[in-house]
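Participant: Start from the sequences, fold in the hints, and give me the full structure.
In the working numbering, the protein residues as written are 1 to 128.
Please note: incorrect hints may appear among the correct ones.
To be verified - If you anchor each label on the Cβ, the simulated ranges turn out as follows:
| id | residue 1 | residue 2 | range |
| --- | --- | --- | --- |
| 1 | T74 | Q95 | 17 to 25 Å |
| 2 | Q63 | N128 | 38 to 46 Å |
| 3 | N128 | N62 | 36 to 44 Å |
| 4 | G48 | R93 | 33 to 41 Å |
| 5 | S47 | S78 | 20 to 28 Å |
| 6 | Y50 | R90 | 25 to 33 Å |
| 7 | A104 | R66 | 35 to 43 Å |
| 8 | A104 | R53 | 18 to 26 Å |
| 9 | G52 | E117 | 25 to 33 Å |
| 10 | T125 | P64 | 30 to 38 Å |
Derived by calculation from the structure, the hints in this document are not laboratory data. Keep in mind that this is a model prediction, so the values were computed, not measured. Ideal placement from N, C-alpha and C gives every residue a C-beta, glycine not left out.
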Amino acid sequence: MRAVLNKIVSGIGAAAAALGCVLAAGAPAAADGKWCNNAVCIETYDSGTYLGRVEVSVINTNQPHRISARVWTTDGWSANTKVEDVDAFRTYRDQAYPQRHFAAGTRLCAEGFRGGESVGLPCVTITN
1 MRAVLNKIVS GIGAAAAALG CVLAAGAPAA ADGKWCNNAV CIETYDSGTY LGRVEVSVIN
61 TNQPHRISAR VWTTDGWSAN TKVEDVDAFR TYRDQAYPQR HFAAGTRLCA EGFRGGESVG
121 LPCVTITN
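Facilitator: This is the structure in structure tokens:
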């Protein structure tokens, strides 16, 4: 009975965490902020429609991996981040530098790769 109860509680916790990630990934970026999906986060440091710098972080697991990321907007701008061999339990971080204004409504996305596999795809809508 205890094992069943633990599975139910774990399932509810996982569902709540997943819902939180979905809600955070869909929010507009009217100012600086951080948005995550699974093991990948994007963080902006500028407000409004100007993006000078975007930071991407990918959380690693308990084994070393080769990690990279790709950042892009729906209006055609894109950049690949550096490829790095990351030790176990270390978070990979790198920046992309759009240094431009984007039209309101443009989507900013970042996809992180760990060992060649996608591990998250957060997106946010740029607003005034």
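Participant: Determine for every hint whether it applies to the structure shown.
Facilitator: Going down the list of hints, with the structure as the test:
no. : hint                   : verdict
1   : T74 x Q95: 17 to 25 Å  : holds, 20 Å
2   : Q63 x N128: 38 to 46 Å : holds, 43 Å
3   : N128 x N62: 36 to 44 Å : holds, 43 Å
4   : G48 x R93: 33 to 41 Å  : violated, 24 Å
5   : S47 x S78: 20 to 28 Å  : holds, 22 Å
6   : Y50 x R90: 25 to 33 Å  : holds, 31 Å
7   : A104 x R66: 35 to 43 Å : holds, 36 Å
8   : A104 x R53: 18 to 26 Å : holds, 19 Å
9   : G52 x E117: 25 to 33 Å : holds, 30 Å
10  : T125 x P64: 30 to 38 Å : holds, 35 Å
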